[in-house]
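One-letter residues, chain by chain:
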Amino acid sequence: MPIESQLAEYRSYLLRFARLQLRNDAWAEDAVSETLLAALSKPQSFANKSQLKTWLVGILKHKVIDILRQRQREVSLAEDEGDGSEELDALMFKSDGHFAAQPADWGNPEQELNSRQFFAVLEACADKLPAAMGRIFLMREWLEMPSEEICKELGLTPTNLYVQLHRARLRLRECLELNWFGNRAAS
Amino acid sequence: MKFLRRTCKEVTVLLVARQDRDLPVIERLALRLHLAACTACPVFERQLLTMRNALQRWRHYSEQ
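Residue numbers (numbering that gives the first Met the number 0), protein chains in the order written: chain Y, 0 to 186; chain P, 0 to 63.
Since the hints were made in silico from the structure, they are not lab data. Fair warning: this is a prediction, and the values are worked out from it, not measured in the lab. Fair warning: there could be bad hints in the mix.
As the list claims (entries may be wrong) - The calculated lysine to any residue pairs, modelled on SDA-like cross-linking and capped at a C-alpha distance of 20 Å, are:
#, chain 1, residue 1, chain 2, residue 2
1, Y, K151, P, R20
2, P, K8, Y, K48
3, P, K8, Y, M91
4, Y, K48, P, R51
5, Y, K93, P, H33
6, P, K8, Y, S4
7, P, K8, Y, F92
8, Y, K93, P, C37
9, Y, K52, P, T38
10, P, K8, Y, Q101
Unchecked claim - Derived contacts from chain P toward chain Y, CB cut-off under 10 Å, selection only:
#, residue
11, F2
12, L3
13, K8
14, T49
For glycine and all other residues, C-beta sits at the position ideal for the given N, C-alpha and C.
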């Protein structure tokens, strides 16, 4: 198969992750187009599809970081103050700081964490985070950037970054409990 | 020992924060003392470990 058609096969796959990270369709399209162009300009042969994919995702991550850098101001612009995080705290805890309800035992879900269905729920939960918070969270968890680097790229203070990451992790936990672990325990 | 006492709410903040930065030694101590005496927070801690594990697998899955 010619390299062009091989690459085209991965377009929608790459777009999915670019969208999740950038939270902007036009930017995501740009990142993926640039990735495919870069791949075409120095085609390499791979023993299998998995290696090709790994190579493409690696290029995509660089392109995505470039866009985050260029769009710094728009990227880190947080939405309105009321992002629902206070409400989540109030649901989780009583006023004396105790849990309102005992957290659920999620068990030891080794196998199911590798399932496509689980990854789909995980991605849907990440996508539900407010855009600025979601970008920061994905920079940490998908791009694996160190905290200091995220602060530098987005012009955030460490305190600001940690607040955003904290809220994102609590929301993700809540979302996974509601849409995956909780359902499973109940059934 | 009052200065080492933390509520569950405070402990969850520390448990989450630990994933992104090193905690001061006093907070690490307060955390251990609380976790040894509490039933709810260790469950929360295991949830966070499961999440970390899940995110790691997801990252791996995104790359191949």
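Now for the hints, and whether the structure bears them out:
1. Y/K151 - P/R20: Holds, at roughly 16 Å.
2. P/K8 - Y/K48: violated (46 Å)
3. P/K8 - Y/M91: It holds: about 8 Å lies between the C-alpha atoms, which stays within 20 Å.
4. Y/K48 - P/R51: Judged against 20 Å, a Cα distance of about 27 Å means the pair is violated.
5. Y/K93 - P/H33: holds (17 Å)
6. P/K8 - Y/S4: violated (53 Å)
7. P/K8 - Y/F92: holds (7 Å)
8. Y/K93 - P/C37: Holds: Y/K93 and P/C37 sit about 16 Å apart, inside 20 Å.
9. Y/K52 - P/T38: violated (44 Å)
10. P/K8 - Y/Q101: holds (12 Å)
11. F2: violated (16 Å)
12. L3: violated (15 Å)
13. K8: holds (4 Å)
14. T49: holds (5 Å)
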